[in-house]
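Given chain Y, put chain Z in place with the hints provided.
Listed in order, the protein sequences are those of chains Y and Z. Residue numbers for the first sequence follow this note's numbering, so the first one is 1 and each next one is one higher. Residue numbers for the second sequence follow this note's numbering, so the first one is 1 and each next one is one higher.
These aren't lab readings, by the way, just hints derived from the structure by calculation. A quick note: this is a predicted structure, and the numbers were derived from the prediction, not measured. Any given hint could be a false lead.
What the hints assert, rightly or not - Here are the simulated SDA-like pairs of lysine to any residue, each with C-alpha atoms no more than 25 angstroms apart in a straight line:
(1) Y:Lys106 x Z:Thr56
(2) Y:Lys113 x Z:Val89
(3) Y:Lys106 x Z:Glu111
(4) Y:Lys113 x Z:Leu100
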Amino acid sequence: MKFAERFLSHKFKGNGLKYEICVCIVTGRIVWIHGPSRAGEHDITVARQAIVSFMDDNEMAVADSGYGGELLSIKTPDFMHFRSADEYGAAAVARARHETMNKRLKSKQVLTKPFRHSLQFHSSCFRAVAVIEELNIENGHPLFDVEYCDEGRKR
Amino acid sequence: MTREAMNPQDMIAAAKGIVNVGSGKGTVFNRRWMSAFGAYPDVCCILWNKVKPHSTMPNGVEPKHLLWGLIFLNVYNTEENLAQRVGDVDEKTFRKWSHLFVDAISYLECEVVNSDFSNIMFSTSFPHNHHHSHL
Numbered sequence: 001m002k003f004a005e006r007f008l009s010h011k012f013k014g015n016g017l018k019y020e021i022c023v024c025i026v027t028g029r030i031v032w033i034h035g036p037s038r039a040g041e042h043d044i045t046v047a048r049q050a051i052v053s054f055m056d057d058n059e060m061a062v063a064d065s066g067y068g069g070e071l072l073s074i075k076t077p078d079f080m081h082f083r084s085a086d087e088y089g090a091a092a093v094a095r096a097r098h099e100t101m102n103k104r105l106k107s108k109q110v111l112t113k114p115f116r117h118s119l120q121f122h123s124s125c126f127r128a129v130a131v132i133e134e135l136n137i138e139n140g141h142p143l144f145d146v147e148y149c150d151e152g153r154k155r
Numbered sequence: 001m002t003r004e005a006m007n008p009q010d011m012i013a014a015a016k017g018i019v020n021v022g023s024g025k026g027t028v029f030n031r032r033w034m035s036a037f038g039a040y041p042d043v044c045c046i047l048w049n050k051v052k053p054h055s056t057m058p059n060g061v062e063p064k065h066l067l068w069g070l071i072f073l074n075v076y077n078t079e080e081n082l083a084q085r086v087g088d089v090d091e092k093t094f095r096k097w098s099h100l101f102v103d104a105i106s107y108l109e110c111e112v113v114n115s116d117f118s119n120i121m122f123s124t125s126f127p128h129n130h131h132h133s134h135l
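The following block holds chain Y by itself, in its conformation from the complex (with noise of 0.2 angstroms):
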C-alpha cells in the first residue's frame, strides 16, 4: 500500500489500517468485524460509525478507554459503569481475553509486516484471517473462558 498522509498513524509512526473485532463474552467467538478505517480515526468514532447502531436495546459492550462516551452501549473500565466490584473484575478478564484474541489475529505475518497490496486486498487478509482464527476458535482451541455476570447498567 503506498504511502498516504490520510492513512498515517502517529501512534505507530506509519500508516496503518484499523479493523473493529467483537467477542462474545458468553462463547468467545468472533461476532463482529468492521473495518477499515484509518488508523488516526479515535476508537469511538469507528464504534458510532456502525456497532453503536447496530446494537440492540439489550445488548451492550465491554471495551477498553478508548471508548468512553457511550454510556449506554458500552462499559469502559471505570467503576461508574458497574454495579458492583465482582463485575468490575469480570470485566477485566474479558478486556484480558481479548488482547488474546487480538495476539492470535497479529501472529499472522500479513497483518503486521508492510502491506504491498491493494486496499481492497488488505480487507480480504483480513477477514480471511478471523475466519480462520474463528474456525481455529471452534475446532479445538478456544480463547480462555470467562465467568461474566451481567448486573445491568448503572444508572
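Leaving out everything else, chain Z in the frame of chain Y:
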C-alpha cells in the same frame, strides 16, 4: 483429485514438499504446521469443504493451493521466496491460487462469523437479558 469431502490426512499429504510433516502427529508436527499455515489440518479441511473449490474455482485446483493461500497469510514473505518454498512454482502461478483462496476464505465471513445474538440469548441465563460482548 476426488471431489469428496476432504479429511486431515489428505491435507497433510498435500503439505508434503512445503513443510517437513514427519510422522504427521505430535508437538513437533503441530509446531511446524502452525508455523507454516496458522490453521490446524482439521481446520484446513473445514475451509476446503466450505469453499467448495471444485465448483467455485478454475479447473486444476488442488488442496495444496489452499495451503498456498494459508502460507501467504501466515508467512507473507515475498512472492519469489514463497513460490520457491511451495514447490518452486512460478510467482504468477503462486499469486493466482493464493489470492483466489484468500478471497474465497474472506467470503466465508458471513457464514462463520455469526453476529446473530439470539441463539446466545436463549441458551444462557443472563440477568436482565443483557448480551455483552467486548471490543
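* Among the hints numbered above, which are violated by the structure, and what are their numbers in rising order? -> Hint check: 1 fails alone, others pass.
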